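A.B. asks: Chains as they are written, first to last, in our numbering: chain A, 1 to 237; chain B, 1 to 365.
Keep in mind the hints are simulated off the structure, nothing from the lab. Owing to the predicted nature of the structure, the values given are computational and were not obtained by experimental measurement. Possibly wrong hints are sitting among the right ones.
Here are a few chain B residues that sit away from chain A, every Cβ distance over 10 Å (derived from the structure) [claimed, not checked]:
hint, residue
1, 39
2, 52
3, 163
4, 184
5, 309
Where chain B lies over chain A, by a calculated footprint (3+ residues, C-beta under 8 Å) [as the list claims (entries may be wrong)]:
hint, stretch
6, 41-51
7, 132-138
8, 142-148
Glycine included, every Cβ here is placed at the ideal spot set by N, Cα and C.
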Amino acid sequence: MSSASSNLIASAELISQGAEAKVYKAQIHSDTVPILVKHRFRKGYRHPTLDASLTRSRVAGEARALLKCLRAGVNVPGIRMVDATEGILGIEWIEGTCVRKLLPGAEAETELSDADTAPFTGVDALMGLIGTEIAKMHLADIIHGDLTTSNMILESSQSLRLVLIDFGLSYHSGLVEDKAVDLYVLERAFASTHPDSEPMFSSVLKAYEVRMGKHWTSVSKRLDDVRLRGRKRSMVG
Amino acid sequence: MPARTSRPTPLQRPDRPYLALGLEGSANKLGAGIIKHAKDGSSTVLSNIRHTYITPPGEGFQPRDTALHHRKWIMDVIKDALQKAGVSIHDLDCICYTKGPGMGAPLQSVALVARTLSQLYGKPLVGVNHCVGHIEMGREITGAQNPVVLYVSGGNTQIIAYSRQCYRIFGETLDIAVGNCLDRFARVINLSNDPSPGYNIEQEAKKGKRLVPLPYTTKGMDVSLSGILTSTEAYTQDKRFRLDGAESDSEDVVTPADLCFSLQETIFSMLVEITERAMAHIGSKEVLIVGGVGCNERLQEMMGIMAKERGGQVFATDERFCIDNGIMIAQAGLLAFRMGHCTDLADSTCTQRFRTDQVHVAWRA
Chain A
1 MSSASSNLIA SAELISQGAE AKVYKAQIHS DTVPILVKHR FRKGYRHPTL
51 DASLTRSRVA GEARALLKCL RAGVNVPGIR MVDATEGILG IEWIEGTCVR
101 KLLPGAEAET ELSDADTAPF TGVDALMGLI GTEIAKMHLA DIIHGDLTTS
151 NMILESSQSL RLVLIDFGLS YHSGLVEDKA VDLYVLERAF ASTHPDSEPM
201 FSSVLKAYEV RMGKHWTSVS KRLDDVRLRG RKRSMVG
Chain B
1 MPARTSRPTP LQRPDRPYLA LGLEGSANKL GAGIIKHAKD GSSTVLSNIR
51 HTYITPPGEG FQPRDTALHH RKWIMDVIKD ALQKAGVSIH DLDCICYTKG
101 PGMGAPLQSV ALVARTLSQL YGKPLVGVNH CVGHIEMGRE ITGAQNPVVL
151 YVSGGNTQII AYSRQCYRIF GETLDIAVGN CLDRFARVIN LSNDPSPGYN
201 IEQEAKKGKR LVPLPYTTKG MDVSLSGILT STEAYTQDKR FRLDGAESDS
251 EDVVTPADLC FSLQETIFSM LVEITERAMA HIGSKEVLIV GGVGCNERLQ
301 EMMGIMAKER GGQVFATDER FCIDNGIMIA QAGLLAFRMG HCTDLADSTC
351 TQRFRTDQVH VAWRA
């Protein structure tokens with residue numbers, strides 16, 4: 001494969017490998033700001049046909065969701081380039097700290113420097129930002145699909161700005177069910193990564209409630225249903 | 001959750017050898033096993049006997065008939081286990097039984113035997129969570145230290161990781177379990193239940209060539225499987241479907257083998273994907289597969305490729321320990337017993353709903 005996209009990858013710096021993709025810091029022109037390139041590489045375990053169609057639809061879907069979020073004023077990275085067949089998506093580079101590292105419970109593998117925590121004013125304020133951002137996204141009928149604290153970045157600029165990232169599993173839906181499941185995924189992620197996180201998650205919901213306004217009641221009711229669903233599962237075997 | 005904890009293990013080396021009998025009968029497998037924990041900290045499987053209730057093709061196992069099967073065979077199975085181990089029931093330190101989760105009637109018939117033996121011989125009882133039994137046996141056999149656990153069986157589909165004396169569930173199925181999905185499809189195409197429907201699906205899938213489009217339903221770290229089953233079933237009503245599996249050069253046909261192949265490829269891709277996501281999320285490089293579906297070699301192969309791509313390692317066991325067995329109940333029960341945990345007669349109930357994360361894992365740091 002020798003396309004413009006693969007040349008870009010070849011000259012880029014690998015930052016991390018997530019479950020889905022390899023993430024690079026790349027430069028389209030030498031004198032411009034860097035962009036973040038997400039390459040969904042081929043998964044060897046998956047049947048090639050299945051892999052190709054999943055990759056294509058996920059890259060396209062991610063780009064589509066980001067565009068919709070941008071139009072609705074949700075804080076997400078801007079789109080810089082899309083190559084669905086190669087599995088490549090280039091987005092705006094966001095400078096900041098992953099929310100997971102800002103909260104207690106995540107392993108203290110990297111000591112945060114003062115610069116990293118500078119705009120960090122408190123857990124409560126941060127939870128408020130998370131709730132508001134998710135509500136803005138849900139009001140635009142975008143479902144994130146993989147809300148975890150690893151997929152949120154607190155920007156290290158002067159103003160307090162929370163950016164949602166990784167829309168790889170997102171889709172468009174106006175259903176209360178999907179929004180409730182989205183919140184439930186986050187609740188579970190909180191519970192499994194940050195011990196004793198109940199008060200934190202309830203502040204997220206409070207901010208979410210405020211922003212959602214009249215749509216809150218139905219989502220809240222459904223969220224209670226969804227929670228029961230997980231617990232009630234009978235486990236035979 | 002770092003890969004290795006530096007805290008010392010709360011489990012002391014035994015001051016003398018310990019022996020435990022484990023009784024399992026939460027589904028159609030009836031098992032009895034005897035495990036020995038020696039003074040040097042090692043464990044030995046002295047015996048592991050199983051008797052499976054097999055129904056005719058096209059039928060599943062009903063709770064009532066399964067309980068009758070267990071009742072009929074349990075004395076033979078226990079005697080066999082004791083004899084093979086070469087120990088007397090008087091030598092045992094405790095009797096462990098499956099408290100749940102599982103089917104009510106079979107669980108009860110086995111728990112009743114456990115209670116009776118405990119009263120007759122004055123041995124303490126230990127009620128064990130079935131899922132924790134699987135995890136502990138998998139760890140013991142493979143030597144995996146702190147793996148992400150994929151637990152896949154007829155009734156369970158969970159991604160589990162250990163944290164702070166609890167096996168936390170990171171992802172699970174939102175509707176039916178993966179084994180249930182495969183077994184039910186085996187019934188639709190009339191595959192034999194001997195030795196197990198899942199095994200026969202696996203053999204059939206090896207002949208499949210064509211990947212038919214099926215829904216791909218991961219939701220975060222959870223999966224949903226019931227819709228995939230329905231879609232696969234729908235192909236059997238398609239006019240291209242040939243039950244006899246006859247291929248044709250002139251016609252576009254779908255065979256049962258193709259459907260088994262497509263079902264496996266799709267479902268296993270989803271399972272490997274959510275496992276990979278859990279590994280990335282908690283930063284672990286080890287993955288352990290337990291439960292009946294864990295015997296499936298294609299699933300093990302796919303998991304192996306994924307682990308290798310991440311620079312990790314996959315641990316799996318064979319059918320002796322993957323499929324429900326008594327020894328895993330003995331292992332988990334004896335660990336709890338050595339930490340001073342016993343189940344009083346009055347509390348020796350069973351429950352159909354007993355989540356993996358409800359157990360206090362006292363024996364790990």
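A.B. asks: If a hint holds in the structure, say so; if it does not, say that too.
C.D. replies: Hint-by-hint comparison with the structure:
1. 39: Non-interface label stands for residue 39 of chain B: nearest chain A Cβ at 35 Å, farther than 10 Å.
2. 52: Answer for residue 52 of chain B: holds, closest chain A Cβ roughly 13 Å.
3. 163: 7 Å, violated
4. 184: 13 Å, holds
5. 309: Contrary to the label, residue 309 of chain B does not stay out of reach of chain A, its closest Cβ about 6 Å off (not over 10 Å).
6. 41-51: holds (count 7)
7. 132-138: violated (count 0)
8. 142-148: Per the Cβ count (4), the hint holds.
Hints 3, 5 and 7 from the earlier list are contradicted by this structure; the remaining hints agree with it.
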